[in-house]
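Fit chain S to the known structure of chain E by using the hints.
Top line first, the protein sequences correspond to chains E and S.
Following our numbering, the numbering of the first sequence begins with 3 at its first residue and continues without gaps.
Following our numbering, the numbering of the second sequence begins with 280 at its first residue and continues without gaps.
These are computed hints drawn from the structure, not numbers from a lab.
Do not rely on the hints blindly, as some may be mistaken.
Computed from the model, here is a short list of chain S residues facing chain E with C-beta under 8 Å [as the list claims (entries may be wrong)]: (1) Met530; (2) Ala533; (3) Ile548; (4) Leu551; (5) Thr573; (6) Phe576.
Note that this is a predicted model, so its numbers are computed, not measured.
Just so you know, even glycine gets a beta-carbon here, dropped at the ideal spot from N, CA and C.
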Amino acid sequence: MKVPFSYIIRSLWTRKLTTILTLSGISLVTFVFAAVLMLAYGIEQTLIETGSENNLIILRKGSDAELMSQIDRNTTNIIKTQPEVMISADGKPFASTELHIIISLTKKQTETMANISVRGTTAEGMLLRPQVKLVEGRMFRFGTSEIIIGSNVAKRFEGCEIGSQLKFGGGFWTIVGIINSGGTGFDSEVWADVEQLAPAFGRPVFSSMIVRLKSDADFRALKTKIESDRRTNFLEVIRERDYYKRQSEFMAAFIRILGTTVTIIFSFGAVIGAMITMYAAVANRTVEIGTMRALGFQRRSILTAFLLESMFIALVGAAVGIAASSLLQFFMISTINFGSFSELEFGFKISPGVIFSTFIFALFMGITGGFLPAARAARLNIVNALRAT
Amino acid sequence: MHILKLVIKNMLRHRLRSMLTIFGIAVAVMAFGLMRTIVTAWNSGVAASAANRLITVHSVSFIFPLPLSYSERIAQIPGIQKVSYANWFQGIYIDRNQFFARMAVDPETIWDVYPEYIVSEAEKDAMKHVRNGCILGRKIAEQYKLKVGDLMTLEGDIYPGRWEMQVVGIYKGKDQNIDETQMFFNWKYLDEEVKVRQPGREGYVGWYIVQIDDPNNRTTIASAIDNLFANSPAETKTQTEKEFQQSFVSMSGAILTAINVVSFVIIAIILLVLTNTMVMTARERVREYAVLRTLGFTTFHIAGLIGGEAMFIACLGGGIGLAITFPIIIGVEKSIPSGWFPIFKLETITIILAVSTAIIAGITASAFPVVHAVRTKIVDGLRQIV
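The shape of chain S in the complex, shown without the other chains:
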């Protein structure tokens, strides 16, 4: 108990220095939390994918469409519950910086294959019957202050021309991990318009979403689908939803790796700041440690004194850092357009990592000064002039 008191007293001797160190660690822990959250946000699509959904795309690249007629042929394969399809529409809403997913979907089946999107029956019905009806994610509706009945005008890029959509519903996620930043509209509207605007492009879908009975059969069913269309002009590639999402994430893999590396550089900086403080503290107290040892305190006590102080500072800094991470992450989530990162929240694992980082930093930072203090002979220590 007395040791603890001494540790705290020691820490308070150089209040400014301790405060600066604590502040430095807090900022670094916060930065670490933020970086890790960006990485998890990037991977959120992969994390949210269901095991019983397969995605079928054109084998050459997903930019090539598949004929709509595939739908019925896929549905005949045993083990398949439901087949749905979608087209990536994109387009420009307001300006180029307003990014969120905009897709044409089959209103009959989409809610069956994505049960995690909660929509009322009336809204589902409205999307089927209102020709240009669309359903928005809750976050998007909030961000752009859109409500049922409002019109959204999009400037097409993949599908040229002006498109006017009417909001007929707003969907919510089943839980916090569900993307609420998408816009779905009736595939038939797209198809009918394309028929007039660009004849020859109608009757094609971007990808099929296939719901299967048993996730264990995913490989057999996937190859059954691909075999069905082998050697046809439009061959397919069927993957699980997870693999499909993963392929998007891995395309920007270099950036992700960079963020990961950076988040570990932060740890190095925490270490440097803390080690520096501890080295200085220990150097100033060489004589003191010599006195303590003359009085009969063991090297174990000295190590405890230095390590305890480092630990105390590290934990305080880590705690404060963690405390400011929560509001910062909420602030960042509010300030970036919600389409960028559909899910942006602090994961439990990030919190655990941040705390353990601070603790490990505390131990490592005291290693240098402890070794030095223990190695110094008592006589030399007593003789030292600071």
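Bound-form chain E, shown alone:
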């Protein structure tokens, strides 16, 4: 015979304050747990989405990021003429020579300096990234010192409006447009004409090359060819998506490890809270339990009832925690991306996986906290329990 579910709810309702306190403990822990997972997921999404599925990036071997990579002009010409490279409508190869440098700008909020990525790109570079859209102003004209800035840069940094000028690389650069790429890493960058940017910084070489292939099946062939050719074997060909994924790995792992260690320590607190509550519930209801047993409820049913009670608290707590943490999606966080050594803005992102893990975590807390007290309730001797005051 099973104990009715309404009995479980009512017993929780009787001890409102204790129930609420335990519930808050669990929802706090699940909130932090969910927030950590959302942050790690957010950073991964932001960076992975930055790369396009069918773009390739070519870097110098051994360099983790564009910042350290170098490719000279002659080598880029060799790559541009590879037959596997897609040709655009006007007969040019779909390949962009890019330069990545960092400058420091002042943040509006804190008045501190932070690093910003500046990307020198080409007309092909714009075509290779169709997700990047102008939201304000216009595109820079090639051959001039005009720049376009990511929407996050415009929002967070001082002096970043259309028409104003930024000083770097020995000259002034006029902002003519603001771009948005739907929350990817490009929103935290400044873009300029690579042929203007390179001489301004006295750079004779490019950082990387972005290439699109005629057919994705040629990837392996091109990779082997470039990496074995005597003229280009100092390079490495990777898919753009994999490149950005690699950048996100360190940060995401760092957040996950630190965050989960902390939440596990926290969960001790919540489990203990649940345990205390459940032990008290058992102690207060000794007579009640005795009566139920006398009425014919089995030990197993009593155990289940108490376990369900603590699981119920945990699940409601988790729901509250997740609801609160999903509000975090409205906040953006900016931190340093160790891959590019510059600011990257990203948000908390919720996913079914995050919700699922949080509920499992809460259930685990509910079961660990509830099991021992439930076992005590189930083991109570009927006669003694009835006699208790």
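Frame of chain E, contents of chain S only:
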């Protein structure tokens, strides 16, 4: 005295519950200590910076190098004692996860501007004369079991190629707060190699370290340096060492804020656990409190009973938590690579904060039940069936 006895007796009535609560508080206090230590470790570079050192970097970003020729021009500014320079080398040692600072430095001046690194004269001399000689921090030498005479092979990333360094010395910090996790090697070795491997990159330094006579002149000297190179292709930005270090810390500010917030969430959890226990305890004893009040004990006594018990539990939990924090922090320090957090130790302020947190938690947690117990009329209390 009798009250105290009653408090202890009360606490022992529900041994399991009290024990669980104490354990919960202990874990939370430990977590709090750990979080705060991570925050202080993060800021350790800022804390260790000297007031009489300025750092000159490229005005656009520190990734751009400055010409070596600046050194002599900076040295001519009055009020400057010594000018030294360094390049960030990085490279990969063993694998990508072995992180510690690896820099090319000027062996002639580096020990003058950083007097807190203790190195013997013989070792200083060796670094000048052995072309690929390097000096390691004590912690790094211990972690990788390196001793004088050993070779270290690095795979360059900023400076491509393979680099072989020979350990010629090990430096120690003047005190506990000095970073002992860095590797310094002769700048000339880097420069000569770069000349061959990547012609055109030689003759550049990453940043200048400027030692000044009087810290009060730091702003005038800093702007004197920057004015010297204004409107040149490589303009400079000079900051105090503290500001320079701060700029690195603030870049990862969001993470730091998160850890800070979390350490206060821990306090909230301590509070919840303790309040819960106290609320339950007080509810079970409503009748008892009514009896006590009939006997003539004042509300003050009742508050003392509840508050005293909360306090007792909180302090016990806090004490145990603090006691386990020390070995835990030592354990964590041993298990993370020493390059991550050069300094990782429990600060006195953290201990004070942790203890006061426990005490405040004790007071706050008893507020709810005290108010309830005092408000309950004696008659109602006596009538209550638990």
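Verification of the hints:
With its C-beta approaching chain E no nearer than about 4 Å, Met530/S sits inside the 8 Å limit, and its interface hint holds. Given the 8 Å rule on beta carbons, the hint for Ala533/S holds: about 4 Å separates it from the nearest Cβ of chain E. Proximity of Ile548/S to chain E holds as hinted, the smallest CB-CB distance being about 4 Å (cut-off 8 Å). Interface restraint check: Leu551/S against chain E, minimum CB-CB distance 4 Å, threshold 8 Å, status holds.
Violation of the interface hint for Thr573/S is found here, the shortest Cβ-Cβ separation to chain E being roughly 20 Å, above the 8 Å cut-off. Checking Phe576/S against chain E by beta carbon gives a least distance of about 23 Å; that is not within 8 Å, so the hint is violated.
In summary, the numbered hints that this structure violates are 5, 6.
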